[in-house]
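Please arrange chain B on chain A, whose structure you already have, making use of the hints.
Read off the chains here:
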Amino acid sequence: MPMKLQLKIWRQKNSDDLGKFNTYELKDLNPAMSFLEMLDTLNLQLIKNKEEPVEFDHDCREGICGQCGVMINGIAHGKPKNITTCQLHLREFKDGDTIVIEPFRAKAFPVLKDLKVDRSAFDTLIASGGYIGVETGQAPEANTTPIPQEIAEQAFDAAACIGCGACVATCKNESAALFVGAKISHLAALPQGKAEREKRVLNMVNRMDELKFGHCTNTGACQVECPQDISVLHIAKLNYEYLRAKLKK
Amino acid sequence: MAKFIAAKIPEGPLEKKWQNYKDQAKLVSPNNRKKLEVIVIGTGLSGASAAASLAEMGYQVKSFCFQDSPRRAHSVAAQGGVNAMKNYKNDGDSVQRMFFDTLKGGDFRAREANTYRLAQCSAALIDQAVAQGVPFAREYSGYLSNRSFGGVQVSRTFYARGQTGQQLLLGAYQALLRQQAKGKVKIFNRHEMLELVCENNTAKGIITRNLVSGKIERQAAHAVVIASGGFGKIYYLSTLAMGCNASAIWRAHKKGALMANPSWTQFHPTSLPQSGSYQSKLTLMSESLRNDGRIWVPKNKKDARNPNEIPESDRDYYLERKYPSYGNLAPRDIASRAAKEQIDNGFGVGELKNAVYLDFAKAIKDLGKTTIQKRYGNLFDMYEKITGINAFKEPMKISPSAHFSMGGLWVDYDLQTSIAGLFAIGEANFSDHGANRLGANSLLQACVDGYYILPYTLQNYLATQIDKPKPAAHNQAFVDAEERVKKQLQTYLNTNGTKTPDEYHKELGKLLYDYCGLSRSRKGLTYVIKEIQKLREEFKTNLLVLGDTYQINSELEKAGRVADYFELAELMCLDALNREESCGAHFREEYQSDEGEAVRNDDDYAYTAAWEWTGNPSQPELHKEKLVFKNVSLSTRSYK
Numbered sequence: 485m486p487m488k489l490q491l492k493i494w495r496q497k498n499s500d501d502l503g504k505f506n507t508y509e510l511k512d513l514n515p516a517m518s519f520l521e522m523l524d525t526l527n528l529q530l531i532k533n534k535e536e537p538v539e540f541d542h543d544c545r546e547g548i549c550g551q552c553g554v555m556i557n558g559i560a561h562g563k564p565k566n567i568t569t570c571q572l573h574l575r576e577f578k579d580g581d582t583i584v585i586e587p588f589r590a591k592a593f594p595v596l597k598d599l600k601v602d603r604s605a606f607d608t609l610i611a612s613g614g615y616i617g618v619e620t621g622q623a624p625e626a627n628t629t630p631i632p633q634e635i636a637e638q639a640f641d642a643a644a645c646i647g648c649g650a651c652v653a654t655c656k657n658e659s660a661a662l663f664v665g666a667k668i669s670h671l672a673a674l675p676q677g678k679a680e681r682e683k684r685v686l687n688m689v690n691r692m693d694e695l696k697f698g699h700c701t702n703t704g705a706c707q708v709e710c711p712q713d714i715s716v717l718h719i720a721k722l723n724y725e726y727l728r729a730k731l732k733k
Numbered sequence: 035m036a037k038f039i040a041a042k043i044p045e046g047p048l049e050k051k052w053q054n055y056k057d058q059a060k061l062v063s064p065n066n067r068k069k070l071e072v073i074v075i076g077t078g079l080s081g082a083s084a085a086a087s088l089a090e091m092g093y094q095v096k097s098f099c100f101q102d103s104p105r106r107a108h109s110v111a112a113q114g115g116v117n118a119m120k121n122y123k124n125d126g127d128s129v130q131r132m133f134f135d136t137l138k139g140g141d142f143r144a145r146e147a148n149t150y151r152l153a154q155c156s157a158a159l160i161d162q163a164v165a166q167g168v169p170f171a172r173e174y175s176g177y178l179s180n181r182s183f184g185g186v187q188v189s190r191t192f193y194a195r196g197q198t199g200q201q202l203l204l205g206a207y208q209a210l211l212r213q214q215a216k217g218k219v220k221i222f223n224r225h226e227m228l229e230l231v232c233e234n235n236t237a238k239g240i241i242t243r244n245l246v247s248g249k250i251e252r253q254a255a256h257a258v259v260i261a262s263g264g265f266g267k268i269y270y271l272s273t274l275a276m277g278c279n280a281s282a283i284w285r286a287h288k289k290g291a292l293m294a295n296p297s298w299t300q301f302h303p304t305s306l307p308q309s310g311s312y313q314s315k316l317t318l319m320s321e322s323l324r325n326d327g328r329i330w331v332p333k334n335k336k337d338a339r340n341p342n343e344i345p346e347s348d349r350d351y352y353l354e355r356k357y358p359s360y361g362n363l364a365p366r367d368i369a370s371r372a373a374k375e376q377i378d379n380g381f382g383v384g385e386l387k388n389a390v391y392l393d394f395a396k397a398i399k400d401l402g403k404t405t406i407q408k409r410y411g412n413l414f415d416m417y418e419k420i421t422g423i424n425a426f427k428e429p430m431k432i433s434p435s436a437h438f439s440m441g442g443l444w445v446d447y448d449l450q451t452s453i454a455g456l457f458a459i460g461e462a463n464f465s466d467h468g469a470n471r472l473g474a475n476s477l478l479q480a481c482v483d484g485y486y487i488l489p490y491t492l493q494n495y496l497a498t499q500i501d502k503p504k505p506a507a508h509n510q511a512f513v514d515a516e517e518r519v520k521k522q523l524q525t526y527l528n529t530n531g532t533k534t535p536d537e538y539h540k541e542l543g544k545l546l547y548d549y550c551g552l553s554r555s556r557k558g559l560t561y562v563i564k565e566i567q568k569l570r571e572e573f574k575t576n577l578l579v580l581g582d583t584y585q586i587n588s589e590l591e592k593a594g595r596v597a598d599y600f601e602l603a604e605l606m607c608l609d610a611l612n613r614e615e616s617c618g619a620h621f622r623e624e625y626q627s628d629e630g631e632a633v634r635n636d637d638d639y640a641y642t643a644a645w646e647w648t649g650n651p652s653q654p655e656l657h658k659e660k661l662v663f664k665n666v667s668l669s670t671r672s673y674k
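Sequence order for the protein chains is A and B.
Under my numbering, the first residue of the first sequence carries the number 485, and numbering increases by one thereafter.
Under my numbering, the first residue of the second sequence carries the number 35, and numbering increases by one thereafter.
Any given hint might turn out to be false.
Unchecked claim - With the Cβ distance kept under 8 Å, some of the chain B side facing chain A (calculated, not the full set):
#1 SER103
#2 TYR122
#3 GLN162
#4 GLN208
#5 LEU211
#6 GLN214
#7 TYR312
#8 THR317
#9 ILE423
#10 PRO489
#11 TYR490
#12 THR534
#13 GLY581
#14 ILE586
Unchecked claim - Some residues of chain A that are not near chain B, with every Cβ distance over 10 Å (derived):
#15 GLN490
#16 PHE505
#17 TYR508
#18 GLU509
#19 LYS534
#20 ILE548
#21 HIS573
#22 ASP581
#23 THR582
#24 ARG589
#25 GLY614
#26 ASP693
Derived by calculation from the structure, the hints in this document are not laboratory data.
Quick reminder that beta carbons are idealized off the backbone N, C-alpha and C, glycines included.
Here chain A stands alone, though its shape is the one from the complex (with noise of 0.2 Å):
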């Protein structure tokens, strides 16, 4: 059946400028269709009838370049749970709706244009520390050191973030914990990580203050909103190895 969607969509020419929503009207689409598409759909629409289209960002469309990723009715990759933008599909929506998109609202991701956010601080902030500093050649024989399969998953778990951003643009506060915990969980749970623990920790908090992440204070919406799925528990990590790090000091 096809579907008829109004979009309401947030446009900025670049970070000066001070920005609106624009609403567009979509008719014949296919509920297969995924959301993106539906983007490209609407660009193609816009560009033939000599309006600029909407710039949004985008790579791998299957979930796992991180580069996509927008405010869907207010929620970050909108309302199904651990996806990415580009895995969201038309048949999630019902004929008739409107949706209202807007790009990932921080301090730390300023907007460059329509739906496109910086995120660089997110490289900042892994090279502040998100390493284990080895460098080509140094490696021993890989069975050397054991890790048990528990271990090797939990730091997986962590490990498998993207980088998306939704945590931030979806936590009140702002606030990067949920990303730098997975880091900090990832590399802490390994031996490899071991050497570098205290200071890698110290670093990367000291740096999430800088560059305008705001503090968490565990209300979790960042969890729900990950499309990975990334417990919260890698916060409470976290703090308790800042916490440990302090107390070495």
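Okay, now just chain B, sitting in the frame of chain A:
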């Protein structure tokens, strides 16, 4: 008469060549390294690993990517795994065997020395990744786990759930950002390379566009490394990310770098079928699913029953029937072509009759739902998110889709292109996979090129550059290149026609898929070359791009990429037409056995076709690199 080119393969027996090379390669002393600058284009596994490794050595690196962060590069999407010769399973694996599997998988159209080196360097990669914190799958004992993959009879594939590419990339990305924090790497995200700058046929830098401000920038360096990935997106519908493109390699090609075997594209057998004309991409489902899933179509073309209601006697498990020893694990080219054959003959399933079934009912019955859930849980979830169908209850529907470019920039043993100082690594080069890449060898090649090969071979080149004048962005070559880029961008905006870049891309992709895809014929290729030329001319006069160059403008970005695709598409067809044999992914309908299998012609075509740009996209010049096989006997590839 084609000219012959040589790959500069080191002397000595196969197993000693790489060591001999390293023993004799020139070095640069640590205090000189900081004076030498290197540009790396692309931040996927090859680009990020190369940039990080070079920076660790002490070189100054500038790293470019068009995405908003280096972590988005499309290596992130590789699911299944990475091959490495560790022989942890004690099942008879060895460097020799891995080398042979890769060479045979590539239908004996790869360089022996490169393929051997790939196998030799594979083990160290697992060590490196584990040290970086990559959470590979492990046994209860805590030791690393393996699985087997298509085209191979041992278990040498390491994996991190269905997200191996993501985890390996994060390792390389983190290493890269660590060097950024140390000031050894400067990262230019949201930047696209639009021109290679050469002086005296030597690469000296690039021209880029800042995709946010629109600013055109000149970047000079002592060497340029292209790590921009593959160009399967030329088919429009593919498993690649939307932004994947050929522009970096194509613009290098137009400056004199030879393009090798451009028509060799791997079609992945297990992606999801197209569901409508609006579709933008085809999602890949990991090949690992073929370990437990059985592929079939109904025996009766008109069978409209629900798949679960079709009894065993009415099903054709065609891979198991045709290839009893490998069955559902036949290599990708064979599995894809077999699926296409079923679909073309009217046995396809699904609404558009464009898919085959991948069925887990037997595996669930034999091994239990829990085991299957554990092995493929995230893939089943992904399938349900996209299709709304639960694969525990109903077979998946899959179809082949453009996936990997075995072709790419021609490189010698040093991974240097035919332009001095220009190197190509990872999927952007052509080197290791021959006419068909084995599953889980692409992550491997990207990493091995970036971590273990380029740091030696690039240094061997940089050692010759210490006493040369420093490349300068104010030189005339840079000024001219910048002007050309600006003019070209303005042309796209001024055309003011009626069709968007995507509309052209879709038309071009369809033409290529139909005539230069899973199977090719002289008649079809001759026809499609004319069609491509016509469409390319129309594109020049009827393109529609709005806005200007001084802001974010995705349509403008696409216009440049599609313009390059139009020229590359013709070269792919010419390459496919030139090769009068079937090998690997290149299946020429004229050259097949009575049973429909590929027939190679080793006497006339045991060479790499490397094409030179002449200024006219319809008349490239062919160069040949003879493939010499001293360590294997060329056999007919059989997986029966």
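The hints, checked one at a time:
1. A distance limit of 8 Å between C-beta atoms decides the matter here; for SER103(B) the minimum to chain A is near 5 Å, and the interface restraint holds.
2. A hinted interface residue such as TYR122(B) counts as satisfied when its beta carbon comes closer than 8 Å to some beta carbon of chain A; here the least separation is about 7 Å, so the hint holds.
3. The beta carbon of GLN162(B) is positioned within 8 Å of a beta carbon in chain A (closest approach about 5 Å), and the interface hint is therefore held.
4. A distance limit of 8 Å between C-beta atoms decides the matter here; for GLN208(B) the minimum to chain A is near 4 Å, and the interface restraint holds.
5. Taken as an interface hint, LEU211(B) checks out: its beta carbon lies about 4 Å from the nearest beta carbon of chain A, inside 8 Å.
6. For GLN214(B), the interface hint holds, since its Cβ comes within 8 Å of a Cβ in chain A; the closest pair sits about 5 Å apart.
7. Residue-level restraint check for TYR312(B) holds (minimum Cβ-Cβ distance to chain A is 5 Å; threshold 8 Å).
8. Because the closest C-beta pair between THR317(B) and chain A is about 5 Å apart, less than 8 Å, the hint holds.
9. Taking 8 Å as the C-beta contact cut-off toward chain A, the hint placing ILE423(B) at the interface is violated, the least distance being around 11 Å.
10. A distance limit of 8 Å between C-beta atoms decides the matter here; for PRO489(B) the minimum to chain A is near 7 Å, and the interface restraint holds.
11. Evaluation of the TYR490(B) hint against chain A yields a violated restraint, the C-beta minimum of about 11 Å exceeding 8 Å.
12. The beta carbon of THR534(B) comes within 5 Å of a beta carbon in chain A, closer than 8 Å, and the hint placing it at the interface holds.
13. For the restraint placing GLY581(B) at the interface with chain A, the shortest Cβ-Cβ distance is roughly 6 Å, inside the 8 Å limit, so the hint holds.
14. Interface hint status for ILE586(B): upheld, as the beta-carbon distance to the closest one in chain A is roughly 4 Å, under 8 Å.
15. With a closest Cβ-Cβ approach of about 19 Å to chain B, GLN490(A) is found to remain outside the 10 Å limit, as its non-interface label requires.
16. Even its closest Cβ contact with chain B, about 19 Å, leaves PHE505(A) beyond 10 Å, as expected for a residue assigned away from the interface.
17. Against the 10 Å criterion, TYR508(A) stays outside the reach of chain B, whose nearest CB is about 16 Å from its own CB.
18. Distance check on GLU509(A): its Cβ is at least 17 Å (rounded) from any Cβ of chain B, clearing the 10 Å threshold; non-interface status holds.
19. The non-interface label for LYS534(A) is inconsistent with chain B: the shortest C-beta to C-beta separation is roughly 7 Å, within 10 Å.
20. Against the 10 Å criterion, ILE548(A) falls within the reach of chain B, whose nearest CB is about 5 Å from its own CB.
21. Listed as outside the interface, HIS573(A) is inconsistent with that label: its C-beta sits roughly 7 Å from the nearest C-beta of chain B, within the 10 Å cut-off.
22. ASP581(A), annotated as away from the interface, keeps every beta carbon of chain B farther than 10 Å; the closest lies near 18 Å.
23. No beta-carbon of chain B is positioned within 10 Å of the beta-carbon of THR582(A); the least distance is around 21 Å.
24. Its beta-carbon lying about 16 Å from the closest one in chain B, ARG589(A) satisfies the requirement of being farther than 10 Å from that chain.
25. Not every Cβ of chain B is farther than 10 Å from the Cβ of GLY614(A); the closest lies at roughly 6 Å, contradicting the non-interface assignment.
26. Listed as outside the interface, ASP693(A) is consistent with that label: its C-beta sits roughly 17 Å from the nearest C-beta of chain B, beyond the 10 Å cut-off.
The structure fails hints 9, 11, 19, 20, 21, 25 (numbered hints given earlier, in ascending order).
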